[in-house]
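Novice: The lines below spell out each chain.
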Amino acid sequence: MTEYIVKENALPDFFQALANGRRLLAPQGQGENCQLAPLNGPLSLDYANTHMSPKGLFFPQTEKILAFHKLVDKPHYNVYQDLGDHSQPTVIFGIRPCDARGLAVSNRVFQNDRFTDPYWKGKYEQTVKIGLACLEPFPQCFCSAMGGGPFGENGLDVLAYPKDKGLGLKALTPVGEELLKATKAEPADLASEIKELEQKAIEAQGSLDDYKTINERQIMELYKADHWPNTAEPCLGCGVCTFFCPTCHCFDIQDESNEKGGARMRNWDTCMSPLFTVHGTGHNPRPSKTERVRQRFMHKLKYIPIKQDGVRGCTGCGRCVVMCPANIDIRSVAALMAQASA
Amino acid sequence: MGNLETITQKIRDKAKSLLSSGQAEVVIGYRQGTTPLVAAPFFARKPEDCDKLIWSSFARLNLANYLPNRKEKVALVAKGCDARSAVGQITENQFQRENLYLLGVPCTGLVDPAQVAAKEPRPIREAKETDEAITISGSGFTVDIKKEEVLRRNCRTCSHRTPTLSDELTGPEVPGAKPDDFADIQALLAKTPDERLAYFKDLIKDCLRCYACRNACPLCYCPICFVDETRPQWLGKSTDPMDTMTFHILRGLHCAGRCTACGACETACPVNIKVREFNRVLDRSVQENWSYEPGLAWEQKPPLTVYQPNDPADFIK
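Line order of the protein sequences matches chains A and B. Sequential numbering from 1 applies to the first sequence in our numbering. Sequential numbering from 1 applies to the second sequence in our numbering.
Next up, chain A with everything else stripped away, as it sits in the complex (with noise of 0.2 Å):
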């Protein structure tokens, strides 16, 4: 795989060419507002992440899958029919390597060798992913911790950074070589300039505790541990953790209909919600908040880890540890993880 330069005045260019015909999104707007959208406009990148993880661009908050009518004398009549993935050929500049390594996770769950959903596999595969590498990382960001790193590769066709006021590029799977080649990028060995600047980055984050211990522990003796009715106690179940996730990828489907037809949707859910898991008896068997606490913690720290080959499902963005409104902060629960005894 080759690296690659793109100079100030090559930018407009370049994107141009990125874009080629499909649809090209990068960050705009900046706190709150940043997002990732159509790229009209100067290009910013002086954002610490986008507001909400990217994974709505590819499951997203609410998706029509199938829908019917009640016109008799119309076909298919009253029988539902398949709208389609909704994809379109994409390219997104500026996802940060916590949230395509967190799109990888999340990948594996939506395609494996037991399951193809068509609804994200289209997406996902025609969204060519061009990262950014966080030169100074965040205050609120740990994915040095969590295995990932503010260069991180993982679930990237291509990792650019900031480079006297252009990009470096590298180039990391054939599509994003592709993709890079069609351009007017200039070749360039990067790979000490990019290695130089991981360490630094690395280092700012500071020592970080890697919680290593929670991956030695039984799922049964961190499940056990006597701190979770304590960690889960100033949780006010709103799921906003969950939704700004960026693997967090449970979903309910519903039917909405009205006198002219309908539709089956699926929508995000959320496990911090008591109706997650209520069943249709009325039992409950996660009926109070220490027991859906814990199933996000453990299924991110434990129970993914063990399906995934070790990587973790939480990759330090950071997003949950700012907008808890109880601060429970993803961290210190996974130091009591680490330390947990039954």
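What the hints contain is simulated information worked out from the structure, not anything from laboratory work. Note that the structure is a prediction, hence the values are computed from the model and not measured. Worth double-checking, as some hints may not be accurate.
[Unchecked claim] Residues from chain B that face chain A, not an exhaustive set, calculated with beta carbons under 8 Å: (1) Pro121; (2) Cys210; (3) Ala216; (4) Pro232; (5) Gly236; (6) Thr267.
Quick reminder that beta carbons are idealized off the backbone N, C-alpha and C, glycines included.
Chain A is fixed; fit chain B onto it per the hints.
Specialist: Using the frame of chain A, we list chain B on its own:
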């Protein structure tokens, strides 16, 4: 020693003595948050836990929210609005007066992180506070900001900063702000119904329906919220704008005349919706029609839950 430290020490001392004597089984207060500008809910059950308790102008959640359904004897650290919420829950039979020790904190207003970010957009790594100011710092900068410049909207118009009812105050009473004249919603009230609808639609356009506002609200204690009912299902689960609007309007109506303007809903909202706009108009109506403010007396019932022959009825046409 500044006022903050004095109150913090008072809270710790009182919490220890309440727990040791068995007067309280749990003290619900605040601890230092793990991120800047945050004080987090903290539950102390042993005297040795109590040194984690603090008082801070970052204590934005309303801890009365943790009272309903709790069986223990509770000592609650409560600023003016929270104390009124707790009193409201007792008048609404959600908690037993004899199980509550209200440790009232005379409050001088809390800091709004959004206004801090507007003044200092660079990433903040640390925030310290004195009685008058906060000092925020990050990579290569340190800035002092006067608290009164970044107070939450609801704190600016709060006329009950000192808890009106409590078992004990942690410090001398503080003067309330001037009585609320609802100046901030005059422009909204002047709008036509269509313009108001457009205004509210725009207000909630980013709503994720996470219900953090509801879950942070001490008034929202229903065992099953109408949005979560499934038989029948009143509301869809998608991001349909009509469902979202229905949620906000109905929640606003459910809270009419009960809201103590604590602002916990806006604190909890992850997309910065001014949730209180829905309540402000209703609060004003209740104050005008019934001269009623919630949480000011142990025996006072919210006007919309009782009937009296001389109730205003002009609105019935």
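Novice: Tell me if Thr267 of chain B is really an interface residue toward chain A, meaning its C-beta lies closer than 8 Å to one of theirs.
Specialist: Where the cut-off is 8 Å and the nearest Cβ of chain A is about 6 Å from Thr267 of chain B, the hint holds.
Novice: For the restraint on Pro121 of chain B, tell me whether the closest CB of chain A is nearer than 8 Å.
Specialist: With Cβ-Cβ at 7 Å, under 8 Å, it holds.
Novice: A closest beta-carbon separation below 8 Å is what the hint needs, so does Gly236 of chain B meet it against chain A?
Specialist: holds (5 Å)
Novice: Should the interface hint for Ala216 of chain B be scored as holding, given a Cβ-Cβ cut-off of 8 Å against chain A?
Specialist: holds (6 Å)
Novice: Interface hint check: Cys210 of chain B, Cβ to nearest Cβ on chain A, cutoff 8 Å. Holds or violated?
Specialist: holds (5 Å)
Novice: Any CB of chain A closer than 8 Å to the CB of Pro232 of chain B?
Specialist: violated (13 Å)
When held up to the earlier numbered hints, the structure conflicts with hint 4 and nothing else.
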